[in-house]
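Sequence lines, in order, name chains A and B. Here the first sequence is numbered in my numbering, starting from 181 and rising by one per residue. Here the second sequence is numbered in my numbering, starting from 978 and rising by one per residue.
In case anyone wonders, no lab produced these hints; they're calculated from the structure. One thing to keep in mind: the hints can contain errors.
[Stated by the list, open to error] Which chain B residues face chain A? A few, computed with CB under 8 Å, are given here:
#, residue
1, G1018
2, Y1025
3, F1077
4, K1079
5, G1080
6, T1084
[Said to hold, decoys possible] Here are a few chain B residues that face chain A, going by a calculated C-beta distance under 7 Å:
#, residue
7, I989
8, L1020
9, S1068
10, N1072
11, Y1073
12, K1074
13, L1075
Built from N, CA and C at the ideal position, the CB exists for glycine as well.
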Amino acid sequence: DTAVSQTPKYLVTQMGNDKSIKCEQNLGHDTMYWYKQDSKKFLKIMFSYNNKELIINETVPNRFSPKSPDKAHLNLHINSLELGDSAVYFCASSPSWGEQFFGPGTRLTVL
Amino acid sequence: GIQVEQSPPDLILQEGANSTLRCNFSDSVNNLQWFHQNPWGQLINLFYIPSGTKQNGRLSATTVATERYSLLYISSSQTTDSGVYFCAVESGGSNYKLTFGKGTLLTVNP
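Isolated chain A (complex conformation) (with noise of 0.2 Å):
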């Protein structure tokens, strides 16, 4: 009964790499983000899909695609991983309007 889901909760791999975070949410709701945790613990904006639609992209290096198959999904592909790219990220979603909820996270790092 998870509302948002993450897959994987932990991702250890090279520098170079490239890796695929997964979110599913099923509450319903059309405008689906994600958010990166520094090691400081500051959460940022990092893109948002409404209706499956690129909303906000915030000054993210390209090397960061994120992919919505639909509604209920939101994926994050990020190629040639680099040491600065360890963090947590957090994947949300909302009604257009409204209360965004959290998934459990996914903690990256980078070796």
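Starting from the known structure of chain A, fit chain B onto it as the hints suggest.
What follows is chain B alone, placed relative to chain A:
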């Protein structure tokens, strides 16, 4: 963009004490949320409160939108209240994005 400031940055309490956390924001908002990030990293929704007052058990929140601040009250604190408390706001024209404050790290000692 909108600025969000939370205070205090750190707070240490004895179990049973009360506390007030503050969130100031620099512009009018459509949405304001309080979250608790527990020691396992989960972000738990506490309140969705763009204006007014709400209560949920030992926690309550008040947002005075005209004066651009929100307060989170924790009464009779418990060790399980420990963690980071975030305020996040969404301002008009932001395409629903939440801008987070830096959080208040709360430690409740037994």
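Checked hints:
For G1018/B, the suggested interface contact is upheld, since its CB lies about 5 Å from the closest CB of chain A, less than 8 Å. Because the smallest distance between the Cβ of Y1025/B and any Cβ of chain A comes to about 4 Å, under 8 Å, the interface hint for this residue holds. Contact between F1077/B and chain A, as hinted, is supported at the beta carbon level, the nearest pair being about 4 Å apart and thus within 8 Å. With 8 Å as the threshold, the beta carbon of K1079/B comes within range of chain A, its nearest partner Cβ sitting at about 6 Å, so the hint holds.
Annotation: interface hint on G1080/B holds; nearest CB of chain A at approximately 6 Å, less than 8 Å. The interface hint given for T1084/B is violated, since its Cβ lies 14 Å from the closest Cβ of chain A, which is over the 8 Å cut-off. Hint status for I989/B relative to chain A: violated, with the closest Cβ pair at about 17 Å, above 7 Å. For L1020/B, the suggested interface contact is upheld, since its CB lies about 4 Å from the closest CB of chain A, less than 7 Å.
At about 12 Å, the closest approach between the beta carbon of S1068/B and any beta carbon in chain A exceeds 7 Å, and the interface hint on this residue is violated. Residue-level restraint check for N1072/B holds (minimum Cβ-Cβ distance to chain A is 5 Å; threshold 7 Å). With 7 Å as the threshold, the beta carbon of Y1073/B comes within range of chain A, its nearest partner Cβ sitting at about 6 Å, so the hint holds. A least Cβ separation of about 4 Å between K1074/B and chain A falls short of the 7 Å threshold, and the interface hint therefore holds.
A cut of 7 Å between beta carbons decides the hint on L1075/B: the least distance to chain A is about 6 Å, and the hint holds.
The structure is inconsistent with the numbered hints 6, 7 and 9, although it conforms to all the rest.
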